[in-house]
Amino acid sequence: MADPDVPDSGVWSEIVGQPGVVRSLLAAVRAADLSVRGDSDTGAMTHAWLFTGPPGSGRSVAARAFAAALQCEAEGGTPGCGQCSACRTVLAGTHADVRVVAPEGLSISVAEMRSLVQAAARRPATGRWRVVLIEDADRLTEGAGNALLKVVEEPPERTVFLLCAPSDHPEDVPVTIRSRCRPVRLSTPLVAPIADMLRKRDGVDDELADWAASVCGGHIGRARRLATDSQARQRREDILRIPRGLQRFSDVFTASSELVRSSEAEAGESGESRDEAEKEELRTAMGAGGSGKGTASATKGANAAVRELEKRQKSRATRSQRDALDLALVDLAGFYRDVLIARSGSTAAPNHPDFADDVAEACSEWTSESTLRRLEAVLYCRRALARNVKPLVAVEAMITTLHHG
Amino acid sequence: MAVDPSSLHLVLGDEELLVERAVRAAVRDAREADPTAESRRVKVSELTGSELDEMLSPSLFSEGRVVALEAAQEANKEIVEAILSHAGQPADGVVLVVVHSGGGRAKQAKEMPKALRDLGARVTECPKITKPAKREAFVREEVSNAGGRIDAAGVSALIESVGSDLRELAAAASQLVADTDGRIDETAVRRYHQGRAEVSGFAVAEKAVTGDRAGSLEALRWALRIGVPQVLIADALADTVRTIGRVAAAGRTDTYRLAGELSLPEWKVRKALSQARGWNSSSVAEAMRAVATVNAEVKGQAADADYALERTVLRLVGLQGR
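Keeping their order, the protein sequence lines are chains U and H. Just so you know, we're using the UniProt record's numbering here: the first sequence kicks off at 1 and counts up by one. Just so you know, we're using the UniProt record's numbering here: the second sequence kicks off at 1 and counts up by one.
Please note: incorrect hints may appear among the correct ones.
[What the hints assert, rightly or not] Listed next, the in silico BS3-like pairs over lysine-lysine satisfying Cα-Cα at most 30 Å (straight line):
id: 1; chain 1: U; residue 1: Lys311; chain 2: H; residue 2: Lys107
id: 2; chain 1: H; residue 1: Lys114; chain 2: H; residue 2: Lys77
id: 3; chain 1: U; residue 1: Lys279; chain 2: H; residue 2: Lys107
id: 4; chain 1: H; residue 1: Lys110; chain 2: H; residue 2: Lys43
id: 5; chain 1: H; residue 1: Lys271; chain 2: H; residue 2: Lys131
id: 6; chain 1: H; residue 1: Lys128; chain 2: H; residue 2: Lys114
id: 7; chain 1: H; residue 1: Lys107; chain 2: H; residue 2: Lys128
id: 8; chain 1: U; residue 1: Lys314; chain 2: H; residue 2: Lys299
id: 9; chain 1: H; residue 1: Lys128; chain 2: H; residue 2: Lys43
id: 10; chain 1: H; residue 1: Lys77; chain 2: U; residue 2: Lys279
id: 11; chain 1: H; residue 1: Lys128; chain 2: H; residue 2: Lys299
id: 12; chain 1: U; residue 1: Lys311; chain 2: H; residue 2: Lys43
id: 13; chain 1: H; residue 1: Lys131; chain 2: H; residue 2: Lys268
id: 14; chain 1: H; residue 1: Lys43; chain 2: H; residue 2: Lys77
id: 15; chain 1: H; residue 1: Lys299; chain 2: H; residue 2: Lys134
id: 16; chain 1: U; residue 1: Lys311; chain 2: H; residue 2: Lys77
id: 17; chain 1: U; residue 1: Lys311; chain 2: H; residue 2: Lys271
id: 18; chain 1: U; residue 1: Lys279; chain 2: H; residue 2: Lys110
id: 19; chain 1: H; residue 1: Lys271; chain 2: U; residue 2: Lys314
id: 20; chain 1: H; residue 1: Lys43; chain 2: H; residue 2: Lys271
id: 21; chain 1: H; residue 1: Lys77; chain 2: H; residue 2: Lys131
id: 22; chain 1: U; residue 1: Lys311; chain 2: U; residue 2: Lys279
id: 23; chain 1: H; residue 1: Lys134; chain 2: H; residue 2: Lys110
id: 24; chain 1: H; residue 1: Lys299; chain 2: H; residue 2: Lys268
id: 25; chain 1: U; residue 1: Lys311; chain 2: H; residue 2: Lys110
id: 26; chain 1: H; residue 1: Lys114; chain 2: U; residue 2: Lys314
[To be verified] A few chain H residues that don't get close to chain U, going by computed Cβ distances all over 12 Å:
id: 27; residue: Ser57
id: 28; residue: Val123
id: 29; residue: Ala152
id: 30; residue: Ser156
id: 31; residue: Glu160
id: 32; residue: Gln175
id: 33; residue: His193
id: 34; residue: Phe202
id: 35; residue: Asp235
id: 36; residue: Ala259
id: 37; residue: Ala292
Rather than coming from a laboratory, the hints here were simulated on the basis of the structure. Just so it is clear, CB atoms sit at the ideal spot from N, CA and C, and this is done for glycine as well.
Required output: the full structure, derived from the provided sequences and hints.
Here you go:
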């Protein structure tokens, strides 16, 4: 790319297929640089940004690249070199002036936010800006949102807030916060840039990269996962076999329990070993295994702390299971969308080009109405899961509809 | 080496009332032998080794003493060792009663009952009463201990309206004997006790899927009235419906093989098979959607969760036999 306003080197190479976004962020970084030097302010920089876009479009990645470019220490050239220690530490999440809040549980609590607000009030220590990056700002509880609002309303001079959320709908981000942020809207990346990135960054071969980019539905992380993890490919395959595999009524139950079990397994694989390690670490920190006077009372306190940790881990496990299941449901919804597209004779690009045979079969058997009902059932199930319905109950109800139509 | 069994008691189990009675009986026996005996009850978790030593060692004038150690399953290694060493060589006039739930976290604490048994302790077992038949026998015994008699209908009426807590059952039984002439039947029970003490979500679900409109609504109202969480009722409805679906869809009649295939207990399969009459795949599908909806509704989606449950129960009743 020759456009000097849209560099594809350094930290900017992380942002896939979003030239408009890169342009405005780079302008902001240049303006920020001027204002730090005390020159006139062009107005391209501001203290709070809201990154919105569909899941997988790279909201938090864009925010992180922006943070790195703000801290970049390289003299001359395009800011955000990706080579200096500031760039590298920001991208690795270890920069002293960049605080990242990435909730692993179901929500961000007000206590967490208050401590963050305190940290945000300090001047930057080594860099030029203090950056607070909140991934999943849609998970702020009401109280946490209000705590954040106070500081976004009257920001410290050198602090920048970067919020990421699926959309700026009031359900995701309170209007009071939204109105104080400059929006950055990411669009769904196209197939070609994704495939390009897979080839360059992950060294995936052409065929696999093209395939993964075409079936990921514009979700970069998903494309990467599919391209690099054969188990993920297998899971997707299993899920997309469900619609055509429901022959008898008893298949409903096998399919549902299989779906829930595989999402549990996916979430559990990494979760369990991590849980144990964390617990062990905490116990050691609290003085377990020690001997001598006072150890008994110390362990008592440790048990309470371990229980606290277990609670957090459970919240994390619930979330990762839900996320895994949600991903499966999105794939499933894509299948029914493809059937609807095929029935309507549209030439829109299908979600799952590799399942064209199944789609064609379904297309000749189902009416558009029943396909739509099935699609509705999948979407309803996603909503039900977000509302805390037991996964197995919600999935079974959905699959009975998929079976009957 | 075995010790004199009257100086070492082990009360094993976690049925509170029975444990309490056993401890009291042990104290009473000791007092009978030595009316001046002092009695102490302590929780093991509040003890240190030296306190325990002090309690169990003979006193200057060798007065009698009964020491009851409660919740021995929570003892740590050190205390367990101290208890066992005292139990092996009891001081004169000291009676030790160890109360142990049978469980325990630490290995030593878990194995203590066996060690005490080997030392020749007198063991009183008080396991939790879970079987209905055992509970009925308990009520009958309570009544006859109080000097009365009760017939079978009276027993089930009493359990239905008082609940399964043994303490309450025992109190109600002795009260009934005192209030009547000693012959207790259903009318006598009903005169003093009304309503229902325990209705589980499954009782509601069972009535709903068998099409018992009045019975299911009554059970639901009782369940809500006595504070069964709405979420549990919704879960029970969902579980019952899906079990019917799974069993019916499998379409086999060999309950044992089916139980193995579906990894369900055999009694549940048998029950679901009998409930499955009156259901077909489309009505089960409809019912599964209904219970999934109510699952969301009781978790905050409905303005009134009680009403949502009631409507779902009626819906299930309506779907049954369609």
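Self-check item: Hints breached by this structure
Solution: When the structure is compared with the hints, numbers 11, 15, 17, 19, 20, 21, 26, 35, 37 turn out to be violated.
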